[in-house]
Amino acid sequence: MRRRLGKGFWIASGWIGLVLAAAVLADLLPLPGYDETLVGPPQAGPSLAHPFGTDGLGRDVFSRVVYGARVSLGVGIGAVLLGLLIGAPLGLLAGYRGKATDAVIMAVNDIALAFPALVFALAVVAFAGANLRNVLIVLGVLGVPAWTRLVRGTTMAFAGREFVLAARALGVRDRRILWREIVPNVSVPAASYAFLGMAVVIVAEGSLAFLGLSVQAPTPTWGGLINEGRTIMENAPHLVLAPALVMFLTVLSFNVVGDRLRALTDVRQSGLEHVRRAAAQPLPTAPHTPGGQLLQVADLRTHFVTERGVVKAVDGVSFTLERGRTLAVVGESGSGKSMLIRSILDLLPGAGVVRGGKVYLDGDDLTGFSPKEMRQVLGTRLAAVFQDPMTALNPVRTIGTQVAEPLRVHLGLSGKRARAHAAVLLASVGIPEPERVLRRYPHQLSGGMRQRVTIAMALSCGPDVLFADEPTTALDVTVQDQVLRLIHRQRQERNMATVLVSHDLAVVAEWADEVIVMYAGKVVERGPAADLFERTRMPYTEALLQSVPRLTDPAHHRLRVITGRPPDLAALPSGCAFHPRCPYARERCVTEAPPLFQETREHLYACWYPRGTEAAVGDPVPVALGESGPADPVPVALGESGPAALGEPAAGPVPAGTDRNGSEPGGPEHNGAGSAGPDLKRPELAGPEGADNRGR
Amino acid sequence: MILHRLVRLLVVLLVVTFLSFALLALLPGDPTTQILGVSATEEARAQLRQELGLDDPLFVRYAAWLGALFTGDLGTSYITSVPVTEALVERLPVTIELLIAAEIVAIGLAVPIGVAAARRAGSTTDQALTALCFGLLSTPVFVLGVLLILVFAVKWQVLPATGWTPISLDLGWNITSVLLPAITLGCGQLAVYARLLRADMIATLQEDYITLARARGLSPRRILWRHALRPSAISLITAIGLNLGALVGGTVIIETLFGLPGVGRLIVDSIFSRDYLTVQGGVVLISVGYVLVNFAVDLVYAAVDPRIRHA
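Which chain is which? The protein sequence lines are A and B, in order.
1 is the number of the first residue of the first sequence in UniProt numbering; add one for each residue after it.
1 is the number of the first residue of the second sequence in UniProt numbering; add one for each residue after it.
Don't read these hints as lab results, they were simulated from the structure.
Take the hints with a grain of salt, since some may be wrong.
Chain A residues, not near chain B, derived (Cβ > 12 Å throughout) [claimed, not checked]:
# : residue
1 : T219
2 : V477
3 : D513
Distance condition first, Cα-Cα at most 25 Å in a straight line; then the derived SDA-like pairs of lysine to any residue [said to hold, decoys possible]:
#  : chain 1 : residue 1 : chain 2 : residue 2
4  : B       : K155      : A       : G45
5  : A       : K7        : B       : T124
6  : A       : K372      : A       : G412
7  : B       : K155      : A       : P51
8  : A       : K7        : B       : R120
9  : A       : K416      : B       : P306
10 : A       : K372      : B       : T125
11 : A       : K416      : B       : W225
12 : A       : K7        : B       : L132
13 : A       : K7        : B       : S123
14 : A       : K372      : B       : R120
15 : A       : K416      : B       : R230
16 : A       : K99       : B       : L10
17 : A       : K7        : B       : D126
18 : A       : K372      : B       : T124
19 : B       : K155      : A       : Q43
20 : A       : K372      : B       : W225
21 : A       : K372      : B       : G122
22 : B       : K155      : A       : N235
23 : A       : K372      : B       : R222
24 : A       : K7        : B       : A199
25 : A       : K99       : A       : A169
26 : A       : K99       : A       : A166
27 : A       : K99       : A       : L165
28 : A       : K416      : B       : I223
Which bits of chain A does chain B cover? Going by a derived footprint, with three or more residues having C-beta under 8 Å, they are [what the hints assert, rightly or not]:
#  : segment
29 : 202 to 213
30 : 242 to 252
31 : 396 to 405
No experiment lies behind these values; they were computed from the predicted model shown.
Even glycine gets a Cβ: it sits at the ideal position worked out from N, Cα and C.
Extracted from the complex, chain A is given alone in its bound form:
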């Protein structure tokens, strides 16, 4: 509690306590009376005897400020309590009952809020008489609408929660529910608002006093002291500064306490990971020689430094991509797919993120680029399309402005020419009546149309690599294929490379040349699409494949799911991150993380007991298996995992039982021991061959 409230909270509370104690005990303090004249020389500055000096009549300013605190705090506390006593029951009623009660109370409330409060307070006090009681009542009543609104909002949030609904369904009496379930939950926001409200009331009382419309002389008030002091401000500025400082500190303290209390219930601050400033040590990066490929990613790592520890969102990913090819990145949500894309493009959120590894574009190291240099590459050579077209376009700018913008910024086209070109672009992605669409706003287009627009924007400056992060996930099934076809066609026409992030294996099988399977930020299997689907080695890939529903499944067929949840990246399981969910996990998987092994030159996997190999069915005693030399696959050194670094087709013995030439599909029937695990019938995915028939 102490840590979450922060130091400021305690300092502010201390100040409030001090002022409150001084106000309450003013009569007992060894102070001159507040209206005792000539206790010192008039208009004298601060001294030991009179810490805030004396005023024009020689009265002690410190004493007057202390007695002034009585009025300020008295009105503050009194008015807030009054507002609470009237507003809170109304808010509870409106929030709990809802419907007509709520409508009536809130309608009255809205009207009340439409009043200029201070002017009204002024008029009422002026007409009814300026004294403590009237000021307190007026300021209290003016606070009612805000209290009602606050309590109603909180009550509503809790009245809909399960525990309240359950209590209601069980026939617990309303009064009991209100006191037991709702009031305790409303109390923290109410306490927070009480302090903020007191700050407001103290300022309002001060304003009235400043105008001479609060408690009348001789009783001192802070606002009154400042008003009196300003007439002789030139000669004795302390008369203004002392009460002003005390008042400022008091109001500030109430605001700080209220603000910190509010932060306690603030979901955004307590629920989300609070990202600390990066201890910006860049991750160590092994020296690396780029190959001749268009895009090469070498040992890319993206770590978030959070309060819970380091989250390794991307942890040592390597791949290469040639012009005209499509690489698919596959995995569940939270596996680091999207973060990989953002990491390559250097679009990570600023604070608390560290990136390591290298990204080469045509041999140029992008990780060494300055932000300005990077901006010249982004949009022109690298382009991106995101998952949700609903959020991918700026809602307040027209399509025309948005599509034309990169053309104007990067290609330097004039406004008119950029617009004309934008129309051509829209037409090229299959948007009918492009001229009209240019004048539209995003919300006026369908999801599919919007995604076409984002693709048009991504393609506008003729990029070399298109990153498509789940470009069809948020779209209707009927539109998905069209959009993928569009990306595919554009890739062929422009001879680009495409990185396609997806969790849809059917999509991947149809369009990808190469596949990366990611789990917990790491590559767990990677290879040419056909090979990977034919000879799946990593159990996670296998599970992904099995969880694809097929039309050929009988009706009411149980949908296969991967049991368990994706791991918490801040607290990864030991050994292989997949082992808690892996049906084949053995002891070694728990203790030791598998490196990437080679199946073939291009096909790599991270598993101690790869499927479809002898290792998978070997001795169930893990230690014995770990020591059974020949069956033990040899890891490929990390960091050199790019094919460019793989001089030899196989650096070590290939796991036994694997047919490297691929003449035999490595199905479970092959090794004859599939019965050891659950039914491993391979899903009949539309393989790349099938895809060829579909008009590649």
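Take the given structure of chain A and dock chain B to it, following the hints.
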């Protein structure tokens, strides 16, 4: 939708005017004493009461008063014998100029501060600006005004502490005389606006379309000002409307503090001279103006957010 808003506007206006009216009518005390003095005979008072319609039921009097209000008649001050409407119209331009100048100061400073703080949320710049806003938020407007007078008028003597030059007389002097009051009034709002804009801007900067704008290689400045500012400005516009009430309350203090001949000063002066009819007129003017401006703010949303415009 528009109809719904109009109906609401009418209801609010009725309530606001009724309360302003009732404020005076329900007061203890007798206006005839004010007009005729304490020594007047009972018959003279009764006659005057009848002339003024004071014996009629409250709602009848309200209806009559409202009818007169529509013709712009708020009565004639018993004290100064000046028609209240005339006095208000004479003072109104000063208050309006002060309000506009204060909003210009507030928005003009709040937008760059909010944007700069949001750009690197959590950075030292952000923390410093947030602290500054928190401090300003905790400074009562009259405290700030007195301090600014102390620094700029008393110590440095670069700006006048009090006085008003109408815009029709001399533009330069007019600006000089409005500058300090406007800064004082604007600074309190500045903090409110900047905090709102910062929070909304931070939320907007998490949006996909901002990440994609970065992916298109656009500069941070372009993204902040052209892409992120407008979608983040909705709450700010609401706040500008809602805070007008606070701002109008502030003008009463500012005009008194800086000696500006505006509506707020007129209200305060009238309170002390017990010129209740003028006070009532001032409260009606401010309340109705406030309600109408809030209504207008509702309509401005549409211009900012096309999603509302086409809804």
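Hints that the structure is at odds with (numbers, increasing): none
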